[in-house]
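Protein chains in written order, with our numbering: chain C, 1 to 110; chain S, 1001 to 1114.
Bear in mind the hints are in silico, worked out from the structure with no lab data behind them. Yeah, the Cβ is synthetic: ideal placement off N, Cα and C, and Gly gets one too. Honestly, I wouldn't trust all of these hints.
Stated by the list, open to error - If the Cβ cut is set under 7 Å, some of the chain C residues that face chain S in the computed set are: (1) K42; (2) G43; (3) P44; (4) F46; (5) E70; (6) F72; (7) T76; (8) N96; (9) F100; (10) G101; (11) A102.
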Amino acid sequence: EDQVTQSPEALRLQEGESSSLNCSYTVSGLRGLFWYRQDPGKGPEFLFTLYSAGEEKEKERLKATLTKKESFLHITAPKPEDSATYLCAVQALGGNDMRFGAGTRLTVKP
Amino acid sequence: SQTIHQWPATLVQPVGSPLSLECTVEGTSNPNLYWYRQAAGRGLQLLFYSVGIGQISSEVPQNLSASRPQDRQFILSSKKLLLSDSGFYLCAWSVRGTGRYGYTFGSGTRLTVV
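Extracted from the complex, chain C is given alone in its bound form (with noise of 0.2 Å):
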């Protein structure tokens, strides 16, 4: 069964103080692995889709980097409006469907 763990469950950051966020998964064969953020009370917002290991994608403070067993989520000189959940997903080959983590909830103090 396709699975996800995505850790710290988490994390606080000082302004500017850089981090990443990691994502384990195992699956039978994978199609994508997706990054999302989340802001409360919302519907997560689609950020990257990652399809090989040695990817990489990058948009604005975040970079997202995938190996054969991981992902990781990089954030460089945070501010406080980075401040959210941010989730990963992966779907299968031949899949409908994706198989999320429980999210990273990130604070970004000012």
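Model the placement of chain S on the given structure of chain C, informed by the hints.
The following block gives chain S in isolation, referenced to the frame of chain C:
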């Protein structure tokens, strides 16, 4: 552009009452549609997905059902709500045949069963 509408935003229902949540998508055809539930502090649990009109797949046994009466309409229902049905319900759509663009989620419905 594509948009997804989900309503109501919040709902408080007594135990044993019926439920109907509606989701519609605009600006695309033949989407895959999904219902997820998110419990507090937990990940998204897939409830149902649909690849076409009248085609519903259920992931977990539960007190809920789903229907897709039109191509871009997805409905989540229950005949009798349980306390354990409380949660944040999210509808989503994706382009059929590829996960390249991820899912687009609605704004969610916060359901509290009392």
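Against the structure, the hints:
1. Using the Cβ-Cβ criterion of 7 Å, the hint placing K42 (chain C) at the interface with chain S is satisfied: the shortest such distance is roughly 6 Å.
2. Satisfaction of the interface hint for G43 (chain C) is found here, the shortest Cβ-Cβ separation to chain S being roughly 3 Å, below the 7 Å cut-off.
3. Because the closest C-beta pair between P44 (chain C) and chain S is about 5 Å apart, less than 7 Å, the hint holds.
4. The interface hint given for F46 (chain C) holds, since its Cβ lies 4 Å from the closest Cβ of chain S, which is under the 7 Å cut-off.
5. Taking 7 Å as the C-beta contact cut-off toward chain S, the hint placing E70 (chain C) at the interface is violated, the least distance being around 16 Å.
6. Hint status for F72 (chain C) relative to chain S: violated, with the closest Cβ pair at about 18 Å, above 7 Å.
7. Contact between T76 (chain C) and chain S, as hinted, is not supported at the beta carbon level, the nearest pair being about 22 Å apart and thus beyond 7 Å.
8. Here the hint on N96 (chain C) is kept, as its CB sits about 6 Å from the closest CB of chain S, short of 7 Å.
9. The closest approach between the C-beta of F100 (chain C) and any C-beta of chain S is roughly 4 Å, which is under the 7 Å cut-off, so the hint is satisfied.
10. Taking 7 Å as the C-beta cut-off, the interface hint given for G101 (chain C) holds, the closest approach to chain S being about 5 Å.
11. A cut of 7 Å between beta carbons decides the hint on A102 (chain C): the least distance to chain S is about 4 Å, and the hint holds.
Going through the hint list in order, the structure does not satisfy hints 5, 6 and 7.
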